[in-house]
Amino acid sequence: QKEVEQDPGPLSVPEGAIVSLNCTYSNSAFQYFMWYRQYSRKGPELLMYTYSSGNKEDGRFTAQVDKSSKYISLFIRDSQPSDSATYLCAKSTAGNKLTFGGGTRVLVKP
Amino acid sequence: KAGVTQTPRYLIKTRGQQVTLSCSPISGHRSVSWYQQTPGQGLQFLFEYFSETQRNKGNFPGRFSGRQFSNSRSEMNVSTLELGDSALYLCASSSRGTSGGNNEQFFGPGTRLTVL
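If you read the sequences in order, they're chains V and C.
FYI, the numbering used here numbers position 22 of the first sequence as 122, with every residue one higher than the one before it.
FYI, the numbering used here numbers position 51 of the second sequence as 519, with every residue one higher than the one before it.
Calculated directly from the structure, the hints in this document are not laboratory data.
Hints should not be assumed to be uniformly reliable.
Below, a list of computed lysine to aspartate or glutamate pairs in the EDC-like style, where the Cα atoms sit at most 20 Å apart [what the hints assert, rightly or not]:
1) V:K102 / V:D166
2) C:K481 / C:E543
3) V:K167 / V:E105
4) V:K142 / C:E572
5) C:K525 / V:D166
6) V:K156 / C:E572
7) C:K481 / C:E572
8) V:K170 / V:E115
9) V:K156 / V:D178
For each label pair, taking beta carbons as the anchor points, the in silico distance ranges come out as [what the hints assert, rightly or not]:
10) V:R205 / C:S519: 36 to 44 Å
11) C:R535 / V:D158: 32 to 40 Å
12) C:T488 / V:L146: 41 to 49 Å
13) V:E103 / C:R477: 25 to 33 Å
14) C:T475 / V:S168: 21 to 29 Å
Here the structure is a predicted model, which is why all the values come from computation and not from measurement.
Built from N, CA and C at the ideal position, the CB exists for glycine as well.
Kindly generate the complete structure, drawing on both the sequences and the hints.
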């Protein structure tokens, strides 16, 4: 079993819909969680960063962490075609080592 | 603030050759990590350097090595290249040090290495 599991998609939604992305993780050591967005042939871009259970909101993005269930979620409200990308969840344990999920490809159709 | 920069952006090598990739972190960041991204394995951690010392290492063979300079710039070297080393090599910088702090990591655009 991989440390961080993520549905590869693709997840296709109409413009304006809410995009819901999920990750599950194993290994319960204290850790940070991050969501990255990656466009084709670009480096990952940090979207959200959190280390506690609960919700964290930033503009159209909401990150949710449920440590009891080992579940991480990202919600994108009012999705736009420019949100079409691969979304990667990651957790950080030792130092700055990040363990990534495989990524979910999202397509927002105009 | 300028972001993480990586050079070169694209590289083509043949099997058996060696290659050196360079990364300049965000100004003030002292931690640099390297990752390999392939379609099959996704993003995998190679190693992390902080204050010129390797702090963490992933599960890659000894052909993969790195170093960090006193100005925090880092280089990664791959010797005796294999076809399977074709990948996007990403570098990330962080301000987090040994005394804790924010460990948000910011990635560069990557170096795309093709091994023929």
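Results of checking the hints against the structure:
The straight-line distance between the Cα atoms of V:K102 and V:D166 is roughly 18 Å, inside the 20 Å bound, and the hint therefore holds. For the suggested pair C:K481 and C:E543, the alpha carbons sit about 17 Å apart, so the restraint of at most 20 Å is met. For the hint pairing V:K167 with V:E105, the CA-to-CA distance comes to about 15 Å; that is within 20 Å, so the pair holds. For the hint pairing V:K142 with C:E572, the CA-to-CA distance comes to about 18 Å; that is within 20 Å, so the pair holds.
Taking the CA atoms of C:K525 and V:D166, the gap is about 29 Å. The hint is violated against a cut of 20 Å. For the proposed pair V:K156 and C:E572, the alpha carbon gap of about 15 Å is at most 20 Å, so the pair holds. Restraint check: the Cα-Cα separation between C:K481 and C:E572 comes to about 33 Å, which exceeds 20 Å; the hinted pair is violated. Proposed proximity of V:K170 and V:E115 is contradicted: the alpha carbons are some 30 Å apart, above 20 Å.
As the CA atoms of V:K156 and V:D178 are separated by approximately 17 Å, the hinted pair is consistent with the 20 Å bound. Checked against the hint of 36 to 44 Å, the pair V:R205 and C:S519 passes, with Cβ atoms roughly 38 Å apart. Distance hint check for C:R535 and V:D158: the Cβ-Cβ separation is about 36 Å, which falls inside the suggested range of 32 to 40 Å. Evaluation of the 41 to 49 Å hint for C:T488 and V:L146 yields a failure: the beta carbon distance comes to about 27 Å.
Separation of V:E103 from C:R477 is about 30 Å and conforms to the stated range, judged on CB atoms against 25 to 33 Å. Between C:T475 and V:S168 the C-beta distance comes to about 45 Å, which lies outside the given range of 21 to 29 Å.
Violated hints for the displayed structure, listed by number in ascending order: 5, 7, 8, 12, 14.
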